[in-house]
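Visitor: Chains as they are written, first to last, in the numbering used here: chain A, 651 to 987; chain B, 651 to 987; chain C, 651 to 987; chain D, 651 to 987.
By construction, these hints were calculated from the structure, which means they are not laboratory data. If you're wondering where the values come from, they're calculated on a predicted model, not measured in any experiment. Hints may contain errors.
Since the list gives no way to pick out one identical chain from another, each pair is judged satisfied if it fits inside one copy or across any two copies.
Said to hold, decoys possible - Think about it this way: if two alpha-carbon atoms lie no more than 16 Å apart in a straight line, the pair counts; the simulated EDC-like pairs of lysine to aspartate or glutamate are:
1. Lys693 / Glu675
2. Lys730 / Asp699
3. Lys826 / Glu878
4. Lys932 / Asp904
5. Lys693 / Glu706
6. Lys730 / Glu740
7. Lys932 / Asp699
8. Lys984 / Glu740
9. Lys711 / Glu688
10. Lys744 / Glu727
11. Lys984 / Glu733
12. Lys741 / Glu696
13. Lys711 / Glu801
14. Lys730 / Glu759
15. Lys932 / Glu748
16. Lys984 / Glu759
17. Lys693 / Glu729
18. Lys730 / Glu953
19. Lys741 / Glu727
The residues making up each chain are set out below.
There are 4 protein chains.
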Amino acid sequence: MYQTDRKNAPNYFSIRTDLAIEARELAQQEARQADHLEGVAVKTEENPDYFLTHVEIHSEKGSRLMGKPMGNYITLEAEKLKENDAECHEKIIKVLAENIRSLAQFDEESCILVAGLGNWNITPDALGPKVVSKILVTRHLQETLPEEIEETVRPVAAVSPGVMGITGIETGEIIKGIVERLQPSLLIAIDALAARRSNRINAAIQLSDTGISPGAGVGNKRMMLDQESLGIPVIAIGVPTVVDAATLVNDTMDRILGEMMQQTEKGSAFFQTLQSLEQEEKYQMIADILGPYTGNMFVTPKEVDAVVDRLANIIANSINIAIHPGVTMDDINKYTF
Amino acid sequence: MYQTDRKNAPNYFSIRTDLAIEARELAQQEARQADHLEGVAVKTEENPDYFLTHVEIHSEKGSRLMGKPMGNYITLEAEKLKENDAECHEKIIKVLAENIRSLAQFDEESCILVAGLGNWNITPDALGPKVVSKILVTRHLQETLPEEIEETVRPVAAVSPGVMGITGIETGEIIKGIVERLQPSLLIAIDALAARRSNRINAAIQLSDTGISPGAGVGNKRMMLDQESLGIPVIAIGVPTVVDAATLVNDTMDRILGEMMQQTEKGSAFFQTLQSLEQEEKYQMIADILGPYTGNMFVTPKEVDAVVDRLANIIANSINIAIHPGVTMDDINKYTF
Amino acid sequence: MYQTDRKNAPNYFSIRTDLAIEARELAQQEARQADHLEGVAVKTEENPDYFLTHVEIHSEKGSRLMGKPMGNYITLEAEKLKENDAECHEKIIKVLAENIRSLAQFDEESCILVAGLGNWNITPDALGPKVVSKILVTRHLQETLPEEIEETVRPVAAVSPGVMGITGIETGEIIKGIVERLQPSLLIAIDALAARRSNRINAAIQLSDTGISPGAGVGNKRMMLDQESLGIPVIAIGVPTVVDAATLVNDTMDRILGEMMQQTEKGSAFFQTLQSLEQEEKYQMIADILGPYTGNMFVTPKEVDAVVDRLANIIANSINIAIHPGVTMDDINKYTF
Amino acid sequence: MYQTDRKNAPNYFSIRTDLAIEARELAQQEARQADHLEGVAVKTEENPDYFLTHVEIHSEKGSRLMGKPMGNYITLEAEKLKENDAECHEKIIKVLAENIRSLAQFDEESCILVAGLGNWNITPDALGPKVVSKILVTRHLQETLPEEIEETVRPVAAVSPGVMGITGIETGEIIKGIVERLQPSLLIAIDALAARRSNRINAAIQLSDTGISPGAGVGNKRMMLDQESLGIPVIAIGVPTVVDAATLVNDTMDRILGEMMQQTEKGSAFFQTLQSLEQEEKYQMIADILGPYTGNMFVTPKEVDAVVDRLANIIANSINIAIHPGVTMDDINKYTF
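Working from the sequences, and respecting the hints, build out all of it.
Guide: Here you go:
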């Protein structure tokens, strides 16, 4: 699970979100700009089954305001992602496959590396490795495949490098080592994300072309995986699978107090006290009360195992369709069982 | 995971806790009695490695105040339960084994049934099934064991019946069916619990002789597993492995506001508003804000898989030692690998 | 995994098979009757995707010859069961659903119990529990379902009782206890089988209406699960997932020697020696050479995990379609994810 | 699982074994030398709990005779490896740790890489990944550890790269990429092996300093992991967890026919036919009879899951003790839970 780098981000991003749509909400709130942020272009598309938001950060100023690198962020939101609705999921697979293809130019023959980031021992962090286990891997078959099949699949390799606590090695180092040996033309990296709002958990999928920074890490030595560090384009695919406990408390309290304020006399001493608190201070107060294990606590739904399995299936199908010339909507679930 | 029955409990227990020590805190708070509750006797024992609290509810009045059935509740608290400290865990296994034996008289020959309640697909709810997988099961071997070994083990059977959502059958029905056929002299039931405070997660083990009510269940038709319903004594063993998200927000907010109150003028309108809110109302407000999936959200630590494995190991060792005449502290981990 | 009871079966069935089609081959061989066995009616149906054999044992004589109880045995054979061929599997699901319905009369409203026999810790024996995890379980929802949905599903409960080595309780006892409490109108029991030939592994599915005898068991106290013992009809569904090692050696040796015999002079002393060996003796010789762990050794394909998952999916889909009035071929994989 | 390269090995090694002690048996048989092979030195050590064989291949001639690279092969055999005997396993851990240290000089500070080869989805092939999950990994902690602890542990990294069928990348490529980036001073690689005899399954552990060739692979492009290819010493640790089905049939048939020959007139035509068959031909005949899936079939014991878990625990403990200066026999199971 990666998370916004709190050290380097502007102060108001102290509360973690990996989602561009949440970063935008926060930035708008901070900038008291309801509609527009400079350097940030937003397009939305509504559909009975899902809601699509394309955020493009196209200037340094926009990047600073958003606390995120310049580039494209496409978020698909759908309550039905949490449910077992095969028909709706087919539509989502189709739109995801199209959007994956829109984020990078790639010919039909070069090798693509798919990397599943995260810890397979922690259910909500196992999304990446689960996607990887459902990718149609073909790089090792290229010489033995009959020609008619060879044209329908490109060479694809897929790895789940594990997290630093398991391997003792930064994820980025392993990925970089493999990229250097394989020389793929594209890296697709899948990771579980942290959201701010519990209602976003497992209800959104974010695609971006701005790279990914695997592993939270205390020391912050994390190696960014992006075009600059790897020399190849990187498509990151993420799903918010948890909210950290302190963030949940903070946001819920803000909202509940907001509602209560409306019912009581404004300007009371308490209201002032609360208003005068910096977000950072308030978050720290909550974290202190939650105790030393807080950083370690997250909020997740009971049925997280089943939902992460389904999400991994949706994402793996959309990747398989996006990258293999001959894999189509008719092949859904053929390689992801 | 079971939880206090909110329908039948007095109003002030609306926020769920399965732990007698937390129920006592709440009851004392409500009754504004710092030291004593009528009908409730408390003994504590401090130790460098753990803290032991024996709560005995010995009257109807005490049961009403506590919102729990009459009987004995023994809670062992230890921060080190969360850590990989083999030496400390050995001490805990020893004291748990002694306390299990203190909760029921049993001869050395009759059969004991161990039941692991909970859902094996949900990590923090898998404690019971994991304990069961480590129990030294012997009932089927009684006729084939050599005599010298036969004297060291009693007949023990063990089942993990699964939860109603998986089987379509109330857990209590399955257990009752098995008890009727096997006629054991004692049921030991293990279940994951819900706590109120995040710092209690995976840091306490509760033993009781008052029975257990498996499965939360909306319809509340749950069958109580106790001496009355089964005709045999029941020892329940539970560990709080989660806090539900709304409870966490509620309690943290209470504490943070409490601290903030001290710093601002008392008697403000806001303070009054807050004071005047019934706990039930406030909980409902939070639940509404958290949205329709709230009931489904829980807070749990990242390393929950490893911690639940370790807790299952500790509990299984203590049960094996408590119930088999010839299994001793020298046999720790021999049957629980 | 169950297996033919070697103690009570006629001598020539000493080498284990759970498949009626293999029992028939053996019986024909023994009786030197190529086409017909008294009391045994056979119908076959060939299809590009599968081969269907309906064996009906309709007399005591037939039962003795076959070493199996009177009744119907339907076996579907398909090499493609081992492969990931969604289209072919759909056809198989359809024909299985029809044949399940042909084996028992059941109205649309009474409760059905599905039982997954076998040990979930041993991959090739985990078929039953895996099927159960994919059954659409509805018994607990009957009161809360909206009427229009209620009519499309019947009450279904499903359990995986575990094996005697895990629970200390005979599987039959647990099933019987549950049947007594639930009073279902039908039991469907799924189990992994042992085959004689390695090429049948994971390539056949057998349905029968003659009951099932879970667990091999040294003591042979096994409780038969059938109409007689339970008072309700029983449909057994099984897949051969292993061959025991000694059987594999025995059969392969028979065949290789057979071929070698053809090339050398008949009537040699060696040939006579071999001919004079009883099957039982030969099997014992092999078992002795394989050593004390032989009984414990089985032959299984490398990809057994994936194949058992797929088989469980096929069987669960066919059961869901067979028993729920409103579940159709359009709902394939909807409940089995 | 790796296996002797059948293409390049001398003809008489056509039947696969990864164990030096089995290669020696075969070579002696072939050379009709009961005691001694040129260029091969053998030392044995008997002990109530285990049997230790040290095979040193010290000349090119010895290497050719054995079909294995020059170097040291230490094999520990113990029936109790299959059982849950904690006391005996402690002794084995001790002797393994000493022998691991004897196979490579290493200072106390340089980094060691541990690699778990094999496929985690196939139980008997999951030994390597399971060992890795129990290694005390410290490389990422070196800067944050307090000095007194830092001296007790060396930097250790650990990876389970997966097999080519999963990743599309040769295991050797991934390992080589990581070795190049990390520059460790030693590689310890753990893999499951194939044995010839079913009674050796899970009953032997082989250590060697001659490198390892991960993945069987038809194409035989496999990259050897050894001092030559990696530039650092390599310790290979392996356990035979399977016998391939055709090998089992072949060897058992040889032995059963051997016994039968003794009882019948020697020199019969049949005996001659059999004698005249090349091993290679006979193996092929068996493989043909077993059918197209034979290469895919293996023989393994029922309780393989539990045994592989125990073996992984023994090996991981012995590695942790061998490589970390401050980890001793008192820390057994402390890091391997």
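Visitor: For each hint, tell me whether it holds in the structure or not.
Guide: Cross-check of the supplied hints:
Taking the shortest Cα distances, Lys693 and Glu675 sit within 16 Å of each other inside one copy (14 Å), while across copies they are farther apart (53 Å). With identical chains, the CA atoms of Lys730 and Asp699 are at most 16 Å apart within one copy only, with a shortest distance of 8 Å there and 36 Å across copies. In this assembly of identical chains, Lys826 and Glu878 lie within 16 Å of each other by CA distance solely inside one copy; the values are 12 Å within and 24 Å between copies. Taking the closest pair of Cα atoms, Lys932 and Asp904 come within 16 Å of each other both inside a single copy (10 Å) and across two copies (14 Å).
Taking the shortest Cα distances, Lys693 and Glu706 sit within 16 Å of each other inside one copy (9 Å), while across copies they are farther apart (63 Å). In this homomeric assembly, Lys730 and Glu740 come within 16 Å of each other (Cα to Cα) only inside a single copy, at 11 Å, whereas the closest approach across copies is 26 Å. Within a single copy, Lys932 and Asp699 get their C-alpha atoms no closer than 37 Å, and across copies no closer than 34 Å, so neither meets the 16 Å cut-off. In this homomeric assembly, Lys984 and Glu740 come within 16 Å of each other (Cα to Cα) both inside a single copy, at 13 Å, and across copies, at 13 Å.
In this assembly of identical chains, Lys711 and Glu688 lie within 16 Å of each other by CA distance solely inside one copy; the values are 7 Å within and 66 Å between copies. Taking CA atoms no more than 16 Å apart as the test, Lys744 paired with Glu727 passes inside one copy only; the shortest distance there is 14 Å, against 36 Å between copies. Taking the closest pair of Cα atoms, Lys984 and Glu733 come within 16 Å of each other only across two copies (11 Å); inside a single copy the shortest separation is 21 Å, beyond that limit. Proximity of Lys741 to Glu696 under the C-alpha cut-off of 16 Å is restricted to the intra-copy arrangement: shortest distance 13 Å within a copy versus 38 Å between copies.
For the identical chains of this complex, Lys711 and Glu801 are neighbours neither inside a copy (45 Å) nor across copies (48 Å), given an alpha-carbon limit of 16 Å. Taking the shortest alpha-carbon separations for Lys730 and Glu759, neither the intra-copy value of 35 Å nor the inter-copy value of 31 Å comes in at or below 16 Å. In this homomeric assembly, Lys932 and Glu748 never come within 16 Å of each other (Cα to Cα): the closest approach is 42 Å inside a single copy and 45 Å across copies. Taking the shortest Cα distances, Lys984 and Glu759 never come within 16 Å of each other, neither inside one copy (22 Å) nor across copies (35 Å).
When the C-alpha separation of Lys693 and Glu729 is checked against a cutoff of 16 Å, the pair qualifies neither within a copy, at 20 Å, nor between copies, at 50 Å. For the homomeric pair Lys730 and Glu953, the shortest alpha-carbon distance inside one copy (14 Å) is at most 16 Å, but the shortest distance between copies (29 Å) is not. Only within a single protomer do Lys741 and Glu727 lie at most 16 Å apart by alpha-carbon distance; the minimum there is 13 Å, versus 36 Å between protomers.
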